[in-house]
Amino acid sequence: ASLIHEAAIGKIAGEQITKLCTLGLTEEEAERKIIDGFLK
Numbered sequence: 001a002s003l004i005h006e007a008a009i010g011k012i013a014g015e016q017i018t019k020l021c022t023l024g025l026t027e028e029e030a031e032r033k034i035i036d037g038f039l040k
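With the first letter of the sequence shown counted as 1, position 3 gets the number 3 in our numbering; the numbers rise by one all the way through.
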């Protein structure tokens, strides 16, 4: 179950990074925003 969960999170994060990049963020900025969101 753990691996399925991690795979699902990875896919969601990838889609979010793509969306944020289309809004003008770099991939690194997008990753930071997503990580900050998970930590809050």
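Calculated from the structure, these hints are not laboratory results. None of the values given here were measured: they were computed from a predicted structure. Some hints could be false.
[As the list claims (entries may be wrong)] Restricting the straight-line Cα-Cα distance to at most 25 Å, the calculated cross-link-like pairs of lysine-lysine (PhoX-like) are: (1) K33 with K19; (2) K40 with K11; (3) K33 with K11; (4) K19 with K40.
Hints, one by one, checked against the model:
With a C-alpha separation of about 12 Å, the suggested pair K33 and K19 falls inside the 25 Å cut-off, and the hint holds. At most 25 Å may separate the alpha-carbon atoms for a hinted pair to count; K40 and K11 meet this at roughly 20 Å. A threshold of 25 Å between alpha carbons decides the hint, and for K33 with K11 the separation of about 16 Å falls inside it, so the pair holds. A C-alpha spacing of about 20 Å is found between K19 and K40, which places the hinted pair at or below 25 Å, so the restraint holds.
Consistency note: the structure conflicts with none of the earlier hints.
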